[in-house]
Structure formats: C-alpha cells, structure tokens
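J.: Just so you know, the protein sequences line up as chains A and B, in that order. -4 is the number of the first residue of the first sequence in the numbering used here; add one for each residue after it. -4 is the number of the first residue of the second sequence in the numbering used here; add one for each residue after it.
No wet-lab data here; the hints were simulated from the structure. All figures in this text were calculated on a predicted structure; none of them were measured in a lab. Check before you lean on any hint, since a few could be wrong.
Note that the list lumps identical chains together, so a pair holds whenever it fits in one copy or between two copies.
[Claimed, not checked] In silico DSSO-like pairs for lysine-lysine, Cα to Cα no more than 27 Å straight-line: (1) 92 / 0; (2) 299 / 192; (3) 92 / 192; (4) 163 / 76; (5) 222 / 45; (6) 0 / 163; (7) 72 / 283; (8) 182 / 72; (9) 283 / 92; (10) 247 / 283; (11) 222 / 163; (12) 184 / 302.
Number of protein chains: 2
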Amino acid sequence: MNTNKTSIRAFAPATVANVACGFDVMGFAVESPGDEVQVTLTDTQGVTIKEITGDEGLLPLHPDENTVSAVIKSYLKHIGKENLGVEISLHKKMPLKSGLGSSAASSVVGVYALNKLLGSPLTDEALLPFAMEGEMLACGAAHADNVAPALLGGFVLVRSYDPLDVIKLNTPAELYCALVHPHVDVKTKDARSILKKDITLQKAIVQWGNVGGLVAGLMMEDYDLIKRSLHDEIIEPTRSILIPGFQQIKEKALSLGALGASISGSGPTTFALCRGREKAEEVSIAMKEIYTQLAIESETFVSKVIKSGPQIIS
Amino acid sequence: MNTNKTSIRAFAPATVANVACGFDVMGFAVESPGDEVQVTLTDTQGVTIKEITGDEGLLPLHPDENTVSAVIKSYLKHIGKENLGVEISLHKKMPLKSGLGSSAASSVVGVYALNKLLGSPLTDEALLPFAMEGEMLACGAAHADNVAPALLGGFVLVRSYDPLDVIKLNTPAELYCALVHPHVDVKTKDARSILKKDITLQKAIVQWGNVGGLVAGLMMEDYDLIKRSLHDEIIEPTRSILIPGFQQIKEKALSLGALGASISGSGPTTFALCRGREKAEEVSIAMKEIYTQLAIESETFVSKVIKSGPQIIS
Chain A
-4 MNTNKTSIRA FAPATVANVA CGFDVMGFAV ESPGDEVQVT LTDTQGVTIK
46 EITGDEGLLP LHPDENTVSA VIKSYLKHIG KENLGVEISL HKKMPLKSGL
96 GSSAASSVVG VYALNKLLGS PLTDEALLPF AMEGEMLACG AAHADNVAPA
146 LLGGFVLVRS YDPLDVIKLN TPAELYCALV HPHVDVKTKD ARSILKKDIT
196 LQKAIVQWGN VGGLVAGLMM EDYDLIKRSL HDEIIEPTRS ILIPGFQQIK
246 EKALSLGALG ASISGSGPTT FALCRGREKA EEVSIAMKEI YTQLAIESET
296 FVSKVIKSGP QIIS
Chain B
-4 MNTNKTSIRA FAPATVANVA CGFDVMGFAV ESPGDEVQVT LTDTQGVTIK
46 EITGDEGLLP LHPDENTVSA VIKSYLKHIG KENLGVEISL HKKMPLKSGL
96 GSSAASSVVG VYALNKLLGS PLTDEALLPF AMEGEMLACG AAHADNVAPA
146 LLGGFVLVRS YDPLDVIKLN TPAELYCALV HPHVDVKTKD ARSILKKDIT
196 LQKAIVQWGN VGGLVAGLMM EDYDLIKRSL HDEIIEPTRS ILIPGFQQIK
246 EKALSLGALG ASISGSGPTT FALCRGREKA EEVSIAMKEI YTQLAIESET
296 FVSKVIKSGP QIIS
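If we strip away everything but chain A, and leave its shape as in the complex, we get:
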C-alpha cells in the first residue's frame, strides 16, 4: 500500500454461515451485498465514528459500543498505536439482523481497511481474533463462521475454536448463491436458544457424513457431491419454524435445480446454492414470489461465491 495515504475505502462481504450440514463450522462469502467503510487518519487522538449510513439508526455511534470502532481500538492496542487518531464512516449496504453476517462484515471491514492503510503490520489471517471480538460485542458470542469467510473469502471451515483453527477450502468456480431475506425478525439468541442441547448419535453420524461430503465436494469441485451433502438433520428442522414459508421456499429452490437450500446463519434469510448465475437468478425470483404470495416483504440477492475476502475500493 501507499503509506502516504491518510484515508482508505474498503468493502467486506456478507457471508452465509452453517451451510446446511456445517453448523458453527462452515461459512462462505458472497460478492455482494456487504459493508463499506472509509477509514481516515486524523491529527486528534482516538477512534471516532463520523457517520453511519444504511443502518436506519440502529447501530451505536459510541466508539466503545460500535463494532467497527471497538475492533479497531483493540487492534491499535495490539500494535502499540492506541493513540492514533482514526475517523470512521460506515456504510451498511446490506440488511441488519438478516442472517447474512452483517455484524461480521462490520467487524472485518474497518480493521481490514486500517491495517492496509498502515502498510499491513499484520497479515489478513492475524486480524481474525480482533474481528471475533467484534462478533462477541455484537452477538454475545465469538463465533467465527461469519467473520472467517468475511475476512478470508470463499468457503471456510472452522475446524476448532479451542484453539482457533480456520481452514480456507477450495471454492468451485461455478458456485452462485441466491438469497432471500424476508422482513421478519429472528433474533440470533432466540434461534440459538430453541436448539436442543442433546442430539442422537445416529443423526450426528448422518451430519458428519455430510460435512465430510461437502468438504470433499468443494475440494474436488464435484457439484453433484456438494448437492448430495447439503442436508441438515439437526438444526434446520428446529430453527426453520421461526422462518415463515421456509419449507415452501426450500422445496421450490430444489425443484428448480438448486444444489441445496437452507437457513443462512440463524435466519431469517434462506440461501440456495446453485451451479451458474442463471440458475441462481431463476431460483431467487421464485423464492421472492413465494414471499409475495405470503404477503411478506422480502429482498433477494444473487451473487457468486467469491474466493476473495474484503476489497480496497480506493
């Protein structure tokens, strides 16, 4: 990076966590939507939020409470520059509370931008613990299945949380994603609290067979194996009751030839993975139509599953 720059604009992507069988361990990044940030070095000390757009006034402006600034403050402390003056403008270009990793995008985008502006004192991978702090602040749990793909791009496996072990998987070139976000409220905490604490060994075996199949399918770019593996025996049956129209939408996506469809993160967005953009567009139109019939407002996104993570815009 040009170290004479004092301001930088960056993008971090929305992400789909869980990916059917991979509850808490898998996620992938999409090309759009996502968050944009402008990070500017200032002569005054401390981290400040200049403005936030696109959040309908929902996000806190106080630098200790806001995800972007809190992550940046933690990062600056780590690199011994806690007195640096940093001004942040955050532009939410994706829905909040949608299950699309909005807080993860915010957790990643600011620290990614500032690290690049400072000449990359840390690697991208080394930013992950700071981004996870942002998730902790925003969601009350330091999950990595959104922040890891938001930071690293593509398909990511969180093999372990203790110690943290994040594996970047292969992302097949023709994978596209259709997303439909109904305007209903599902709180991450509710979506988590309704899950059963115990599951049968039999279902767990089915699930880890599918996790193995999905990872193998991604590595071999075997779209049919990916399709056969995109099943969730454990979380989806419970969580989907919080999402109106879910079964109908899922069945429609599959009937149109989607490789698989399930809940994006903790919902209420449903994702459908497809081979090729055309198929994903067809599926997204059909998914939106169902919400229209149900008189539920919704928005759709069609995107490539991108191999790259955040981008410097300018």
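Please build the complex by placing chain B on the supplied structure of chain A, with the hints as guidance.
T.: Chain B in isolation, oriented as in the chain A frame:
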C-alpha cells in the same frame, strides 16, 4: 482378464474404520495384512469351500454361513449364473476379531476374485452391496466403513447409507500406519452397545469440525491439518475402556510424533497414523513394548496406507 483362466488368486487388505473422528463414515486400507483367496471354476454346480487356513477353525465351512461363499452366491444370483461351480480356498493372513476388518476383507476378496475371473461383468464399485451383505452376515450390521476401503483402497468416506454414497478420497503418499493388536477379546456388539444413544450438540460440533478438517487435510495432503483433526470426542472415551493400556499406547504414539492414534474399528487394535515408514516403525515398536510391560501378548503391523484395493496375485 484372460477369460480362459479357470482359477485366480487374489488379496484383499485389512482396513481401519472410524479413523478417530469419522465414526461409521470413514475408513482406510493398508498394504498388509489381509486375506488371500483362491477361486476355481469347477464342473459341478454350486459354491463350495475347499479349505480355510489361518482361522484356527473359527470360520464356518458351510457355503451359506461362510462370508466368502455367501457373498459369491449372492453375486452369482445377481449376474444370472447361480448354477456356476465355484470352489473357494480362503487363507486368513490377518487376525480375526481384531478390529482390522477381517470379515470385510473376506467379504471383498472372494467376489473381487471371481468377478475378475469372469471378465469383470460388474465394476469394482458395483461389488460393494454384495460385500456389505457379507458384513451383515458376519457382524449383524451392513456397515460399509471397512468393506468400502477394502474394495476401493485408500481413504474412503461413507457419506450416506441411505442411499449408499461412498466417496473415494485422496490418500497422501507419505501416510503410514502402525497397528498393535493385543490378544484380548472385544466383541463388536459389546463395543457398540456401550455407546450412548445421545450426545451433546457441543461435542457433535467439535466432531464434525474434525471430520471436515480430516477430509480437507487428506485432499490437500496437509499432514499437519490431518494431525490436528485426528481427535474423537465421542466414541473413543467410551470404547477405550474395553481396551487395556489404550491411553498409555495412544500417548506414547503421540509423544513419538504420530499424527494421531485411536481405536481401529471397534478394537482392540489401536492404530497410529504417521508420516513416513520410519516413524510408523518406531511407533509400532513402542506400542508393542507397552503391551509386553503389561504382560499382554500382541502383534504389530506397519504398513503404507495404500491407494489401491484388492490385488490379483496370480
């Protein structure tokens, strides 16, 4: 194959099922030990067992009860040649009831040999359902995590049983296996009945993170990732109490640099995966030493994890 041949000799390998985290869904084949069979076409009708060696008289000679002949009879019925005269000599060159897939090797070796002798009317993959019938006869359950690697070679993922979906994974070239078989009796049925029917979601998540990591590690030939993934949070803690000295043996293998160690199948054999033959030999000697100290007779095997399945010997 030379279709004028009336007799063929073949080998099928021992296999390690479960592979730590992959209970019921993963297995791999070793170069040795294994089963050998001589299959000969005769002028009389029906399938007969001429002799069995190496089984200490434990295996049934009746063609409906013996695994090799029962599988062959089922295969012959399927290809419409149930009146063909077939004589079988089985040479067990591996321990029975050891957790090394002895019944799987027998289930595979005869039908593989006969199919080749008849000019391969079925593909190797198409022999799997017949071999699974053999497992059902021998063990009371149609598991595929031994027969699939015995038939296909290398590392195999059984993604699903219903429908059956077996995926051949990549087998890294430097993977070797040390096996120690203590002369104690663990019945597969006992090893299965002590397992808990329910597990915590939290442990299941750890397990499917490791399954994903192991599959990714195999595909990328990332030995360190394989090492980090070879953990079993669910089965091993329960089953290992049936295996004397297990903890000591496992810890010794890991301290010497094995990538991982766990129960082979339902035991009592312990396997240790290692990078390179030299390391596997060092580990096998140390594992045997522990059983010697415990005054338990044991035998060890050191073998490459082979990419190929059964072999025609002559």
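J.: Take the hints in turn and mark each one as holding or not.
T.: So, going through the hints one by one against the coordinates:
1. 92 / 0: Result: close neither inside a copy nor across copies, 34 Å intra and 70 Å inter.
2. 299 / 192: neither (35 Å within a copy, 41 Å between copies)
3. 92 / 192: within (24 Å within a copy, 36 Å between copies)
4. 163 / 76: neither (30 Å within a copy, 51 Å between copies)
5. 222 / 45: Neither, since 45 Å and 47 Å both go past 27 Å.
6. 0 / 163: neither (31 Å within a copy, 51 Å between copies)
7. 72 / 283: neither (45 Å within a copy, 52 Å between copies)
8. 182 / 72: Answer is neither; intra-copy 32 Å and inter-copy 58 Å both fail.
9. 283 / 92: Classified as within; 18 Å inside a copy, 57 Å across copies.
10. 247 / 283: within (11 Å within a copy, 58 Å between copies)
11. 222 / 163: Classified as both: same-chain Cα gap 20 Å, cross-chain 17 Å, threshold 27 Å.
12. 184 / 302: Intra 30 Å, inter 46 Å, cutoff 27 Å: neither.
In the structure shown, a violation is registered for the earlier hints numbered 1, 2, 4, 5, 6, 7, 8, 12, in ascending order.
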